[in-house]
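**Student:** Chains as they are written, first to last, in the working numbering: chain U, 2 to 110; chain S, 848 to 1200.
Just so you know, the hints here were simulated from the structure itself, not pulled from any lab data.
By construction, the Cβ of each residue, glycine as well, lies at the ideal position given by its N, Cα and C atoms.
Incorrect hints may appear among the rest.
As the list claims (entries may be wrong) - DEER-style ranges, computed between Cβ atoms: (1) U:Gly77 <-> S:Glu862: 46 to 52 Å; (2) U:Thr54 <-> S:Ser929: 26 to 32 Å; (3) U:Leu87 <-> S:Arg1107: 42 to 48 Å; (4) U:Leu87 <-> S:Ser859: 23 to 29 Å.
Claimed, not checked - In silico DMTMM-like links for lysine to aspartate or glutamate, alpha-carbon gap of 25 Å or less: (5) U:Lys28 <-> S:Glu1047; (6) U:Lys29 <-> S:Glu890; (7) U:Lys29 <-> S:Glu1121; (8) U:Lys29 <-> S:Glu1047; (9) U:Lys76 <-> S:Glu1157; (10) S:Lys1044 <-> U:Asp103; (11) S:Lys1118 <-> U:Glu34; (12) U:Lys29 <-> S:Asp1014; (13) U:Lys29 <-> S:Glu1082; (14) U:Lys42 <-> S:Glu942; (15) U:Lys28 <-> S:Glu1157; (16) U:Lys76 <-> S:Glu978; (17) U:Lys76 <-> S:Glu981; (18) U:Lys76 <-> S:Glu1121; (19) U:Lys76 <-> S:Glu1122; (20) U:Lys28 <-> S:Glu1033; (21) U:Lys29 <-> S:Glu1080; (22) U:Lys29 <-> S:Asp1048; (23) U:Lys28 <-> S:Glu1122; (24) U:Lys28 <-> S:Asp1006; (25) U:Lys42 <-> U:Asp52; (26) U:Lys28 <-> S:Glu981; (27) U:Lys28 <-> S:Glu1023; (28) S:Lys1044 <-> U:Glu34; (29) U:Lys76 <-> S:Glu1080; (30) U:Lys28 <-> S:Asp892.
Claimed, not checked - Sample of chain S residues lacking proximity to chain U, with all beta carbon distances greater than 10 Å (derived): (31) Pro903; (32) Cys933; (33) Glu949; (34) Phe971; (35) Val988; (36) Gly1007; (37) Arg1159; (38) Val1166; (39) Gly1188.
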Amino acid sequence: MSMAQAMASSMGGIRTAGDLVARMQLKKMRLPEAKRYVADKLGVSTLDLSDSTMMRTVREDFDIGVVTGTPGLAKGLAAKARIAELLDVQVNSVEQLRRRMDAVPAGVR
Amino acid sequence: MSAIITRMGDGSTVELTRDELKADILEGSEAAAKKGKIPALSESDVEYLLEMFCCPSRIWGVARGHEAIMSKDGGTNTLISSRLSCGIAAPIGREAAVRLFESAFAFDTMEVGHLDYSVKPSKFIVTVEAEHMELLQQNTVLPLFYGFMPNLGLYYRPDGPFENPSDLMPNGRIAEARATQEEALEACYADVVWQAKQMEDTGADGINLDTVASTGDAEFLATLRACETISSETEMAVEVSMASEMVLGFHGQLEYRGTRLAGLWPHQQMKLAEEAGAAIFGPVVNNNTRRSCAWNVARAVTFVKACTAEARIPIHVNVGGGVGGVPMVEVSPLDIVSRAGAAMIEVGGADGL
């Protein structure tokens, strides 16, 4: 059921810019505002945000995680760190890593 | 006049004429307008729904550029659970399942949740939950929630320690029924906040409180208060997703910030969720299995439109089994699911599903 909705109505996650727009919704932005914000940050139009053909290239250029398995590109936490910087938002897992790195220097018990 | 193949709210196929479909759409919208004291759909909204239901295409979608955001409830139960969650019991673990939702199914957000999706059973194994969330935060890119249901019903006997108001009320023990709900909601509130805070250090992006108010106004109050605490004391966003279109007044006198909770409709529930600090609100509109899907979708969209018209936070409409116009069946029909979802966005103004 949710697959039908995903295919028919959703932005498409990391195939497109769906995850990025979703992150702005977590900051309480409604959809049009969230799309405009992300589009401005990426330098694309709001229509482009859902275009998987265009976004595959845009995501690789910004190195913010792509949907296909491509060696050498940022994945997981590294991709999210770049997303946090690009969108100028706090991503909790990235902040968690920063805190861990700042806590006790590696090699010190 | 040629007949159009469509469905009833129980999923069964039916043939209706164009005029019958239009009558159902108008009637469904009027039914919502009357109940919720909200505007009915406009002429252009009705025409959109009519065109959608008359179209013979198996799948209907939003126009390009109108795509919205999906959030998920039930975690990965769709893949790893049984028919209880309309699941397919796929032989994979939760971590693989979340990765599939991210890459193969291209969901915008995803959720980690326990198979037994309520706070009361899942709090005992919260370290497992936290570990899986933490591991997934290393490997995923999309926003990842931790989700569970407050499910106040599990706090009452025989499942929980508190007297069951369903046993007290038929015997006329109303004051005691209210008292036990007031006690139980405090325990539920404490558990929801505790469970959420266990996710704080995992890097979780948000908490999804699902099927809220399934046991009425006491559960809604516990959830609103928990939302207030979680959103103010942690960095996690909170999604509040309802169980039913109207908050049942099982207690009847509970209030949140001066607003009585019993009898609230989606557009009224949304305002309280906003005040409580929710980042996303998920309204529910129930189905009538004896009416056509066109009637049900029109009714649901009318309620949703009233919600989105005044919302200051994103609205992710519940479009699932028996809600949001989707038939109440174990295996949902794609023709109706795709139509209901698109209607919520194109006509209802939803920010997501």
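**Student:** Determine for every hint whether it applies to the structure shown.
**Tutor:** Consistency of the hints with the structure:
1. The hinted window of 46 to 52 Å between glycine 77 of chain U and glutamate 862 of chain S holds, with their beta carbons roughly 51 Å apart.
2. Between threonine 54 of chain U and serine 929 of chain S, the C-beta spacing of about 38 Å breaks the proposed range 26 to 32 Å.
3. Evaluation of the 42 to 48 Å hint for leucine 87 of chain U and arginine 1107 of chain S yields a pass: the beta carbon distance comes to about 45 Å.
4. For leucine 87 of chain U paired with serine 859 of chain S, a C-beta distance near 49 Å fails the hint of 23 to 29 Å.
5. Taking the CA atoms of lysine 28 of chain U and glutamate 1047 of chain S, the gap is about 17 Å. The hint holds against a cut of 25 Å.
6. With a C-alpha separation of about 31 Å, the suggested pairing of lysine 29 of chain U with glutamate 890 of chain S is violated against the 25 Å cut-off.
7. Between lysine 29 of chain U and glutamate 1121 of chain S, the direct Cα distance comes to roughly 10 Å. Compliance with the 25 Å bound is thereby established for this hinted pair.
8. For the hint pairing lysine 29 of chain U with glutamate 1047 of chain S, the CA-to-CA distance comes to about 19 Å; that is within 25 Å, so the pair holds.
9. At roughly 38 Å between alpha-carbon atoms, lysine 76 of chain U and glutamate 1157 of chain S are farther apart than 25 Å, so this suggested pair is violated.
10. The hinted pair formed by lysine 1044 of chain S and aspartate 103 of chain U meets the criterion: a straight-line CA distance of about 22 Å does not exceed 25 Å.
11. Between lysine 1118 of chain S and glutamate 34 of chain U the CA atoms are separated by roughly 20 Å; this keeps the pair inside 25 Å, and the hint holds.
12. For the hint linking lysine 29 of chain U to aspartate 1014 of chain S, the alpha-carbon distance of about 41 Å lies beyond 25 Å, and the restraint is violated.
13. For the hint linking lysine 29 of chain U to glutamate 1082 of chain S, the alpha-carbon distance of about 13 Å falls within 25 Å, and the restraint holds.
14. Restraint check for lysine 42 of chain U and glutamate 942 of chain S: not satisfied, since their Cα atoms lie roughly 31 Å apart, outside the 25 Å limit.
15. For the given pair, lysine 28 of chain U sits about 18 Å from glutamate 1157 of chain S by alpha-carbon distance, which is consistent with the 25 Å threshold.
16. Distance check on the hinted pair: lysine 76 of chain U and glutamate 978 of chain S sit about 19 Å apart at the alpha-carbon level, within 25 Å; holds.
17. The suggested pairing of lysine 76 of chain U with glutamate 981 of chain S holds, with an alpha-carbon distance near 15 Å, which does not exceed 25 Å.
18. Between lysine 76 of chain U and glutamate 1121 of chain S, the direct Cα distance comes to roughly 34 Å. Violation of the 25 Å bound is thereby established for this hinted pair.
19. For the hint pairing lysine 76 of chain U with glutamate 1122 of chain S, the CA-to-CA distance comes to about 36 Å; that exceeds 25 Å, so the pair is violated.
20. A threshold of 25 Å between alpha carbons decides the hint, and for lysine 28 of chain U with glutamate 1033 of chain S the separation of about 28 Å lies outside it, so the pair is violated.
21. A threshold of 25 Å between alpha carbons decides the hint, and for lysine 29 of chain U with glutamate 1080 of chain S the separation of about 17 Å falls inside it, so the pair holds.
22. As the CA atoms of lysine 29 of chain U and aspartate 1048 of chain S are separated by approximately 22 Å, the hinted pair is consistent with the 25 Å bound.
23. At most 25 Å may separate the alpha-carbon atoms for a hinted pair to count; lysine 28 of chain U and glutamate 1122 of chain S meet this at roughly 15 Å.
24. Between lysine 28 of chain U and aspartate 1006 of chain S, the direct Cα distance comes to roughly 37 Å. Violation of the 25 Å bound is thereby established for this hinted pair.
25. Taking the CA atoms of lysine 42 of chain U and aspartate 52 of chain U, the gap is about 16 Å. The hint holds against a cut of 25 Å.
26. For the hint pairing lysine 28 of chain U with glutamate 981 of chain S, the CA-to-CA distance comes to about 21 Å; that is within 25 Å, so the pair holds.
27. Taking the CA atoms of lysine 28 of chain U and glutamate 1023 of chain S, the gap is about 42 Å. The hint is violated against a cut of 25 Å.
28. A threshold of 25 Å between alpha carbons decides the hint, and for lysine 1044 of chain S with glutamate 34 of chain U the separation of about 30 Å lies outside it, so the pair is violated.
29. The hinted pair formed by lysine 76 of chain U and glutamate 1080 of chain S fails the criterion: a straight-line CA distance of about 30 Å is larger than 25 Å.
30. Restraint check for lysine 28 of chain U and aspartate 892 of chain S: not satisfied, since their Cα atoms lie roughly 30 Å apart, outside the 25 Å limit.
31. Against chain U, the non-interface label of proline 903 of chain S holds: every CB pair exceeds 10 Å, the least being about 16 Å.
32. Under the 10 Å C-beta cut-off, the non-interface status given to cysteine 933 of chain S relative to chain U is violated; the minimum distance is some 7 Å.
33. Once the 10 Å rule is applied to beta carbons, glutamate 949 of chain S is inconsistent with being away from chain U; the minimum gap is 6 Å.
34. For phenylalanine 971 of chain S, the requirement that its beta carbon stay farther than 10 Å from each beta carbon of chain U is met, with the minimum near 24 Å.
35. At roughly 4 Å from the closest C-beta of chain U, the C-beta of valine 988 of chain S falls inside 10 Å, breaking its exclusion from the interface.
36. Look at glycine 1007 of chain S: its CB is around 31 Å from the nearest CB on chain U, clear of 10 Å, so calling it non-interface holds up.
37. In this structure arginine 1159 of chain S is not separated from chain U by more than 10 Å, as the shortest Cβ-Cβ distance comes to only about 7 Å.
38. The Cβ of valine 1166 of chain S does not lie farther than 10 Å from every Cβ of chain U; its closest approach is about 6 Å, which violates its non-interface assignment.
39. Not every beta carbon of chain U lies more than 10 Å from that of glycine 1188 of chain S, the smallest distance being close to 4 Å; the non-interface claim is violated.
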